[in-house]
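Number of protein chains: 2
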Amino acid sequence: MTTHAQLLDKYAELTVKSGLNLRKGQQVLMTAPLEAVDLVRAITHHAYKVGASLVTCLYNDEQTALMRYTDGHTEAFDAAPGWLFTGMAEAFRDGNCARLAIIGENPALLSGQDIDKVSRANRARSTAYKPVVELITTFATNWCIISAATPSHAKSVFPDLPPDKAMEALWAAIFKCTRADLPDPVAAWAAHNKALHHRVKLLNDKRYAALAYKGPGTDFTLGLVDDHVWAGGASMAKNGIMCNPNIPSEEVFSMPHRERVDGVVRSTKPLSYQGTFIEGIEVTFEKGRIIKGTASKGAEVFKKMIETDDGAARLGEVALVPHSSPISASGIVFNETLFDENAASHIAVGQAYSQNMANTANMSAEEKLAKGMNTSLVHVDWMIGSGELNVDGVFKDGKREPLMRSGEWVD
Amino acid sequence: MTTHAQLLDKYAELTVKSGLNLRKGQQVLMTAPLEAVDLVRAITHHAYKVGASLVTCLYNDEQTALMRYTDGHTEAFDAAPGWLFTGMAEAFRDGNCARLAIIGENPALLSGQDIDKVSRANRARSTAYKPVVELITTFATNWCIISAATPSHAKSVFPDLPPDKAMEALWAAIFKCTRADLPDPVAAWAAHNKALHHRVKLLNDKRYAALAYKGPGTDFTLGLVDDHVWAGGASMAKNGIMCNPNIPSEEVFSMPHRERVDGVVRSTKPLSYQGTFIEGIEVTFEKGRIIKGTASKGAEVFKKMIETDDGAARLGEVALVPHSSPISASGIVFNETLFDENAASHIAVGQAYSQNMANTANMSAEEKLAKGMNTSLVHVDWMIGSGELNVDGVFKDGKREPLMRSGEWVD
Numbered sequence: 001m002t003t004h005a006q007l008l009d010k011y012a013e014l015t016v017k018s019g020l021n022l023r024k025g026q027q028v029l030m031t032a033p034l035e036a037v038d039l040v041r042a043i044t045h046h047a048y049k050v051g052a053s054l055v056t057c058l059y060n061d062e063q064t065a066l067m068r069y070t071d072g073h074t075e076a077f078d079a080a081p082g083w084l085f086t087g088m089a090e091a092f093r094d095g096n097c098a099r100l101a102i103i104g105e106n107p108a109l110l111s112g113q114d115i116d117k118v119s120r121a122n123r124a125r126s127t128a129y130k131p132v133v134e135l136i137t138t139f140a141t142n143w144c145i146i147s148a149a150t151p152s153h154a155k156s157v158f159p160d161l162p163p164d165k166a167m168e169a170l171w172a173a174i175f176k177c178t179r180a181d182l183p184d185p186v187a188a189w190a191a192h193n194k195a196l197h198h199r200v201k202l203l204n205d206k207r208y209a210a211l212a213y214k215g216p217g218t219d220f221t222l223g224l225v226d227d228h229v230w231a232g233g234a235s236m237a238k239n240g241i242m243c244n245p246n247i248p249s250e251e252v253f254s255m256p257h258r259e260r261v262d263g264v265v266r267s268t269k270p271l272s273y274q275g276t277f278i279e280g281i282e283v284t285f286e287k288g289r290i291i292k293g294t295a296s297k298g299a300e301v302f303k304k305m306i307e308t309d310d311g312a313a314r315l316g317e318v319a320l321v322p323h324s325s326p327i328s329a330s331g332i333v334f335n336e337t338l339f340d341e342n343a344a345s346h347i348a349v350g351q352a353y354s355q356n357m358a359n360t361a362n363m364s365a366e367e368k369l370a371k372g373m374n375t376s377l378v379h380v381d382w383m384i385g386s387g388e389l390n391v392d393g394v395f396k397d398g399k400r401e402p403l404m405r406s407g408e409w410v411d
Numbered sequence: 001m002t003t004h005a006q007l008l009d010k011y012a013e014l015t016v017k018s019g020l021n022l023r024k025g026q027q028v029l030m031t032a033p034l035e036a037v038d039l040v041r042a043i044t045h046h047a048y049k050v051g052a053s054l055v056t057c058l059y060n061d062e063q064t065a066l067m068r069y070t071d072g073h074t075e076a077f078d079a080a081p082g083w084l085f086t087g088m089a090e091a092f093r094d095g096n097c098a099r100l101a102i103i104g105e106n107p108a109l110l111s112g113q114d115i116d117k118v119s120r121a122n123r124a125r126s127t128a129y130k131p132v133v134e135l136i137t138t139f140a141t142n143w144c145i146i147s148a149a150t151p152s153h154a155k156s157v158f159p160d161l162p163p164d165k166a167m168e169a170l171w172a173a174i175f176k177c178t179r180a181d182l183p184d185p186v187a188a189w190a191a192h193n194k195a196l197h198h199r200v201k202l203l204n205d206k207r208y209a210a211l212a213y214k215g216p217g218t219d220f221t222l223g224l225v226d227d228h229v230w231a232g233g234a235s236m237a238k239n240g241i242m243c244n245p246n247i248p249s250e251e252v253f254s255m256p257h258r259e260r261v262d263g264v265v266r267s268t269k270p271l272s273y274q275g276t277f278i279e280g281i282e283v284t285f286e287k288g289r290i291i292k293g294t295a296s297k298g299a300e301v302f303k304k305m306i307e308t309d310d311g312a313a314r315l316g317e318v319a320l321v322p323h324s325s326p327i328s329a330s331g332i333v334f335n336e337t338l339f340d341e342n343a344a345s346h347i348a349v350g351q352a353y354s355q356n357m358a359n360t361a362n363m364s365a366e367e368k369l370a371k372g373m374n375t376s377l378v379h380v381d382w383m384i385g386s387g388e389l390n391v392d393g394v395f396k397d398g399k400r401e402p403l404m405r406s407g408e409w410v411d
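Heads up: the protein sequence lines correspond to chains G and A, in order. Quick note, in our numbering, the first sequence goes up one by one and the last residue is 411. Quick note, in our numbering, the second sequence goes up one by one and the last residue is 411.
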């Protein structure tokens with residue numbers, strides 16, 4: 001029988017060794033919900049054990065985050081902690097400080113608040129945070145996102161369980177989906193990375209021009225950028241450290257061409273965006289742009305989100321995930337993209353990842369845009385995969401071959 | 001009967017309105033121990049109520065701070081979060097972000113750790129933090145330091161009480177010494193500031209050249225810089241906001257000349273410095289410099305501290321506090337300078353405050369030094385006052401008059 005403390009310790013060790021692959025002498029900059037303090041401490045312990053020079057955790061508190069809306073003046077919603085983001089960017093720029101994000105916020109925290117305030121606050125924050133996002137997405141340093149169970153998040157996932165049982169159930173699901181409950185999680189991730197890298201190689205060798213999707217409410221073609229690069233599992237950061245940026249991660253992903261997406265798409269799982277649930281998204285793409293979009297729940301927030309800027313209505317990422325993935329097999333909707341995006345194939349509007357296009361290192365922003373790479377203040381994934389989704393690979397000459405059938409890889 | 005929550009709320013309101021005197025639209029950057037989360041939330045509430053645009057709290061965790069020493073590699077002690085201090089400096093530079101420090105750390109946290117590691121870590125931190133200290137000491141923005149009761153600090157103050165009683169007793173003492181338990185704490189601080197400002201005016205009009213101290217183990221003369229300025233109570237920050245930088249504050253203080261201190265001094269209360277207690281300090285000054293120093297407890301840490309740099313062995317502040325101050329009257333040794341320095345007249349080695357010298361705004365560092373202003377990475381107060389201390393004011397022509405007798409003002 002493994003105790004919760006033992007599992008938390010293994011999860012922390014996995015995070016430091018496989019997630020960050022922390023190098024001796026590096027600093028660690030963590031962000032975490034206040035409720036994740038036990039996990040933060042376990043991670044700090046393992047980080048110092050492998051030689052971290054300094055571990056700093058910036059905590060988030062849902063209660064004070066909410067006070068801005070309940071107590072704040074109306075003028076107060078265009079401010080952002082730009083000073084903090086300046087500091088974070090300085091930390092990451094030279095690759096000497098690893099970045100760990102522990103998430104676990106209440107996905108519905110802001111759902112009762114004024115949409116205009118939420119949207120203004122998000123825009124101010126995203127704008128100020130952009131330099132940090134750019135350093136992270138271009139892998140200036142090794143980074144990783146993991147999740148912690150928190151009471152409010154556990155309640156949203158298991159609304160019918162009493163609070164302590166909901167927390168237990170969510171921790172159990174997290175440990176299972178991240179392989180932290182296996183005897184040797186670090187070895188399990190080495191094997192898992194090998195399998196993902198094999199799939200990545202197969203897809204990169206194909207040089208598909210596009211993917212064609214068919215499923216209930218979904219019938220669209222997604223053009224890839226010419227020099228697209230499929231990625232998945234561990235990634236090499238510019239500081240020479242191989243890290244696993246997401247734990248869990250079951251996806252392989254690449255870069256759509258921002259002007260080559262046409263057809264209709266229906267989401268298959270709920271999406272939690274900055275404190276609001278968005279469900280039943282139905283959109284129509286024309287030449288890469290969403291020209292019509294609706295949602296059965298959270299439609300207004302969805303509309304505001306894709307109106308953030310031009311790139312917010314175009315795709316920045318395409319990811320394929322087999323329907324039989326451990327996260328999908330758990331049958332749990334986590335109300336958290338980190339997990340839910342690994343339960344199903346998905347697409348993301350907004351900012352693209354440089355790693356998904358070849359030779360971007362010395363390319364100007366204009367050149368990247370001309371090659372079809374999308375840019376935006378936002379990056380929001382939504383799930384379109386299911387056991388009923390078929391995907392074809394489309395070659396440059398128009399020939400196509402089956403890639404996924406009923407949500408599974410054909411080979 | 002006032003509940004703890006009500007007192008905490010009044011204390012929070014006092015902090016926002018009298019401590020920071022927060023202006024509508026300002027951000028707030030707080031630091032606090034994790035255990036002070038209830039106070040942080042109460043302060044955040046009041047900050048948003050008066051129009052804060054954003055409140056950010058950076059939490060400290062004693063447990064992870066200690067892990068650096070228990071789990072970290074030996075090479076790890078020269079690192080500091082310079083990136084974070086870059087961000088903090090950016091926040092304070094233009095005066096649009098107020099600074100609130102909530103202290104309450106275990107004063108003996110690091111007392112069992114390797115002195116060399118503690119000293120290296122402190123030096124690295126002080127060096128990296130210097131740009132922030134300079135902005136704070138020159139009042140680039142409005143700022144305030146207050147205290148929260150934490151279990152480890154409460155235990156150090158009331159070692160014989162059970163944990164919950166120790167916390168109760170420390171909170172009661174904090175509320176009393178800060179006047180938060182009065183019916184209208186904000187009005188009480190307005191009156192208190194008036195009294196302190198009256199004392200400041202009297203002293204500034206005197207234009208003393210020096211102060212002469214006599215008490216048990218103490219017999220020395222402390223020369224003031226020619227253009228010294230006495231200060232105390234609320235101070236005007238450069239952004240035009242009148243703030244109370246310390247709550248509580250009973251002192252009036254000024255600037256010693258870094259080369260004009262001669263004689264022997266004995267400390268009268270224990271001093272907690274970066275996790276270690278220093279007691280029974282006895283030093284000899286010659287031409288402003290400590291040429292001989294010892295302590296009955298923590299002598300090695302004291303020695304390392306005054307060896308930090310040249311300025312660490314010279315004085316940067318002189319403060320007079322009547323022996324009848326509320327903090328002294330409480331009879332409690334708080335093991336925390338914020339409180340203990342208000343129980344007794346004190347001196348501080350290290351960095352001087354620009355506000356204590358006239359017309360420093362356009363002075364170069366060299367000019368300030370030439371005028372006798374001390375500079376250092378450290379600023380450490382120690383208590384030399386008691387009911388047995390006599391202080392004379394010495395005029396330029398050598399004439400003197402009694403200023404304090406048996407620890408009290410003579411007028």
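Don't read these hints as lab results, they were simulated from the structure. Among the hints, a few may not be true.
Put simply, identical chains are the same to the list, so a pair is met inside one copy or across any two.
[What the hints assert, rightly or not] Straight-line Cα separation of at most 30 Å, DSSO-like style, residue types lysine-lysine; simulated pairs:
hint	residue 1	residue 2
1	Lys399	Lys201
2	Lys24	Lys304
3	Lys130	Lys24
4	Lys117	Lys17
Check Lys24 against Lys304 for me: Cα-Cα at most 30 Å, and say if that holds within a copy, between copies, both or neither. between (44 Å within a copy, 28 Å between copies)
From the Cα coordinates, with 30 Å as the cut-off, is the pair Lys130 and Lys24 best called within, between, both, or neither? both (28 Å within a copy, 27 Å between copies)
Treating 30 Å as the Cα threshold, decide for Lys117 and Lys17: within, between, both or neither. between (40 Å within a copy, 26 Å between copies)
Give the relationship of Lys399 and Lys201 under a CA distance limit of 30 Å: within one copy only, between copies only, both, or neither. For Lys399 and Lys201, only the intra-copy Cα distance (21 Å) is at most 30 Å; the inter-copy one is 90 Å.
When the structure is compared with the earlier hints, no violation turns up for any of them.
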